[in-house]
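*Asks:* Line by line, the protein sequences give chains A and B. Note that the working numbering numbers the first sequence so that position 4 is 4, with each residue one more than the last. Note that the working numbering numbers the second sequence so that position 22 is 22, with each residue one more than the last.
What the hints contain is simulated information worked out from the structure, not anything from laboratory work. Because the structure is a prediction, the values reported are computed rather than measured. Some clues are possibly wrong.
Cβ pair distances, simulated, as ranges [claimed, not checked]:
no., chain 1, residue 1, chain 2, residue 2, range
1, B, GLY16, A, THR20, 43 to 51 Å
2, A, ARG38, B, PRO8, 37 to 45 Å
3, A, VAL55, B, SER38, 15 to 23 Å
4, B, THR5, A, ALA68, 33 to 41 Å
5, B, ARG18, A, PRO109, 45 to 53 Å
6, B, ALA14, A, GLN80, 38 to 46 Å
7, A, GLY40, B, ARG63, 49 to 57 Å
8, A, LYS56, B, GLY28, 22 to 30 Å
When the alpha-carbon atoms are kept at most 20 Å apart in a straight line, the in silico SDA-like pairs for lysine to any residue are as follows [said to hold, decoys possible]:
no., chain 1, residue 1, chain 2, residue 2
9, A, LYS36, B, GLN44
10, A, LYS57, B, GLN41
11, A, LYS59, A, LYS96
12, A, LYS51, A, THR27
13, A, LYS96, B, ASN96
14, A, LYS96, B, GLN41
15, A, LYS70, B, SER86
16, A, LYS36, B, GLY3
17, A, LYS96, B, GLY42
18, B, LYS57, A, GLN37
19, A, LYS51, B, GLN44
20, B, LYS9, A, LYS59
21, B, LYS9, A, GLY41
22, A, LYS36, B, GLY42
23, B, LYS57, B, GLY3
24, A, LYS51, B, LYS57
25, A, LYS96, B, VAL95
26, A, LYS96, B, ASP29
27, A, LYS36, A, THR101
28, A, LYS59, A, GLY16
29, A, LYS96, B, LYS9
30, A, LYS57, B, GLY42
Which bits of chain A does chain B cover? Going by a derived footprint, with three or more residues having C-beta under 8 Å, they are [stated by the list, open to error]:
no., stretch
31, 27-33
32, 44-51
We put the beta carbon where it would ideally sit given N, CA and C, even for glycine.
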Amino acid sequence: GQQVMQIPQYQHVQEGEDFTTYCNSSTTLSNIQWYKQRPGGHPVFLIQLVKSGEVKKQKRLTFQFGEAKKNSSLHITATQTTDVGTYFCAGPPTDKLIFGTGTRLQVFP
Amino acid sequence: DSGVTQTPKHLITATGQRVTLRCSPRSGDLSVYWYQQSLDQGLQFLIQYYNGEERAKGNILERFSAQQFPDLHSELNLSSLELGDSALYFCASSVNSNNSPLHFGNGTRLTVT
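Looking at chain A on its own, in the form it has when it is part of the complex:
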C-alpha cells in the first residue's frame, strides 16, 4: 500500500534557527496537505499544494511540492517557541488521505 515517510522523525532546535521537514510518498499524489498538531491537541490544517513544483508561503513557513508530485517540504525560518508541535504531511492517491509519519519539532528558548 501507499506509504508516506517524513524525515527527520524528531528535530530539536534553538529558537531562531531554521527547520525543515521532508515528506516522501511511494506513489504520485494528486495534492499534498500539511497539518500541525500541538502537544495534547488535534491536527490543524495549514496548507494544500496541488500543482507540480508549487511553492507557497505563510509568514515564516514555506511549503514546496516536488516536480514529480511525490515529495514535499516544509521550511520554517527563525523558529519560535510557538512552532513546537508535530508536523504531518498528508496525501491522497485516491480518496484516502494518508498521513505521513510526522516530524516532532521542539524549540528551546
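Fit chain B to the supplied structure of chain A, relying on the hints for placement.
*Replies:* Chain B alone, transformed into the frame defined by chain A:
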C-alpha cells in the same frame, strides 16, 4: 474551534467490552473520516464516509465498524476490545470527498484496562 464535535472525551473500559464513539461533523461538511493515533504515533486512517456511504477503507480491524447516519453524524464501534486498542481516536470532516482539507475534532481518548 474546528466545529467538529466528538464524544465522549475520555473512555475507560475493560478488555472484551464494546464501545461507541460519536462524531458530529462541521456544519455543511458531507465527508467524515476516522483516524487512530496511538501514543506518540502517527495518524492511521481507518475509514471514510461521504453523505452516508462508505467511501474508502484503511487498515480497520474486523472488530471495528462505523456508519454515517442521514443527519451526517457518524459512529465508530469498537468491539472485543484489546489492550492494544488504547489510543486517541480522531474524527475529521471535510466539505466533500475530493481531497478538501480536513477539520479535526478534539478526539476521544480510549483506555482499555
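*Asks:* Under a C-beta cut-off of less than 8 Å, do 3 or more residues of the stretch 27-33 of chain A approach chain B closely enough to confirm the stated coverage?
*Replies:* Coverage by chain B holds here, the residue count being 3 at a Cβ distance below 8 Å.
*Asks:* Between B:LYS9 and A:LYS59, does the CA-CA distance stay at or below 20 Å?
*Replies:* Given that 20 Å is the threshold and the Cα spacing comes to 34 Å, the pair is violated.
*Asks:* Does the Cβ-Cβ separation between A:LYS56 and B:GLY28 fall within 22 to 30 Å?
*Replies:* holds, 25 Å
*Asks:* Holds or violated: A:LYS96 and B:ASN96, Cα atoms, limit 20 Å.
*Replies:* Holds. A:LYS96 to B:ASN96 sits at ~12 Å (cutoff 20 Å).
*Asks:* Take the C-alpha atoms of B:LYS9 and A:GLY41, compute the straight-line distance between them, and say whether it is at most 20 Å.
*Replies:* Within the cut-off at roughly 12 Å; holds.
*Asks:* Has the given pair, A:LYS96 with B:VAL95, been kept, meaning a C-alpha gap of at most 20 Å?
*Replies:* holds, 15 Å
*Asks:* Holds or violated: A:LYS59 and A:GLY16, Cα atoms, limit 20 Å.
*Replies:* holds, 14 Å
*Asks:* Check the hint pairing A:LYS96 with B:ASP29 against an upper bound of 20 Å on the C-alpha distance.
*Replies:* Cα-Cα ~16 Å, so holds.
*Asks:* Between A:GLY40 and B:ARG63, does the beta-carbon spacing fit 49 to 57 Å?
*Replies:* Violated, since A:GLY40 and B:ARG63 (Cβ atoms, about 28 Å apart) do not stay within the stated range.
*Asks:* Is B:LYS57 close enough to A:GLN37, meaning Cα to Cα at most 20 Å?
*Replies:* violated, 24 Å
*Asks:* Honestly, do B:ARG18 and A:PRO109 meet the 45 to 53 Å range at C-beta?
*Replies:* holds, 46 Å
*Asks:* Just to be sure I understand the hint, the distance between the Cβ atoms of B:ALA14 and A:GLN80 should be within 38 to 46 Å; is that true here?
*Replies:* At 44 Å between Cβs, range holds.
Taken one by one, the earlier hints fail for this structure at numbers 2, 3, 7, 10, 11, 15, 18, 19, 20, 23, 24, 29, 30, listed in ascending order.
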